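Novice: Residue numbers (this note's numbering), protein chains in the order written: chain A, 82 to 195; chain B, 109 to 222.
Hints are computed from structural coordinates only; laboratory data are not their basis. All figures in this text were calculated on a predicted structure; none of them were measured in a lab. Incorrect hints may appear among the rest.
[As the list claims (entries may be wrong)] Going by beta-carbon spacing under 8 Å, a handful of chain B positions derived as facing chain A: (1) 148; (2) 150; (3) 152; (4) 157; (5) 160; (6) 193; (7) 197; (8) 208; (9) 210; (10) 212.
Cβ atoms here follow ideal geometry from the backbone N, Cα and C, with glycine treated the same way.
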Amino acid sequence: AAGVIQSPRHLIKEKRETATLKCYPIPRHDTVYWYQQGPGQDPQFLISFYEKMQSDKGSIPDRFSAQQFSDYHSELNMSSLELGDSALYFCASSPSPTGGFEQFFGPGTRLTVL
Amino acid sequence: GNSVTQMEGPVTLSEEAFLTINCTYTATGYPSLFWYVQYPGEGLQLLLKATKADDKGSNKGFEATYRKETTSFHLEKGSVQVSDSAVYFCALPIYGGSQGNLIFGKGTKLSVKP
């Protein structure tokens with residue numbers, strides 16, 4: 082079965098650089114969530130999209146932005162990177178934000194900021 | 109918003125030992141409850157879930173019962189295997205109900221020795 086695809090899987094950037102993370106949800110899933118997991122930490126919700134519109138916003142820094150495109154893939158754009166942005170970034174998708182469907186997580190993108 | 113408190117590890121067990129990982133929650137209403145597992149170097153996988161009080165979620169020998177009276181969702185397995193070594197996260201929807209952004213516990217790292 083198709084799963085959530087994230088790219089790249091690993092990314093190394095310097096401080097103050099920018100990074101773009103991509104997420105391709107499971108086909109026919111219209112809802113995408115982004116989470117950030119710091120080393121040894123629990124995942125923290127960043128932002129979510131439903132039908133290409135932002136549906137909720139969590140602890141996402143102003144330096145980050147995201148969008149969902151017409152094909153339902155999503156991109157997380159991160160600017161002015163800081164050392165503290167080093168983390169595992171997960172994308173999850175679900176068929177709908179309602180109806181009790183579970184979230185399916187991708188393998189994550191490991192971002193290292195040097 | 110809702111919150112979740114999870115027993116912190118690490119937990120080290122011998123193969124075939126009994127496992128309990130405690131999870132309690134604070135929520136308005138009766139949200140769905142989830143256990144996710146993260147194997148080394150991988151993303152989050154849904155292990156089991158329960159959508160209403162007294163429901164028992166089960167998968168791969170793991171079980172958890174939704175206890176309304178104690179607001180708990182403890183994870184148990186009667187006989188752990190080396191392959192169960194992973195980090196386990198208790199989670200629930202941050203706004204309640206059965207969908208939407210998840211809030212996770214701090215995670216419990218389980219190591220099973222042969």
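Novice: Of all the hints numbered above, which does this structure not satisfy? Sort the numbers upward.
Specialist: 1, 5, 6
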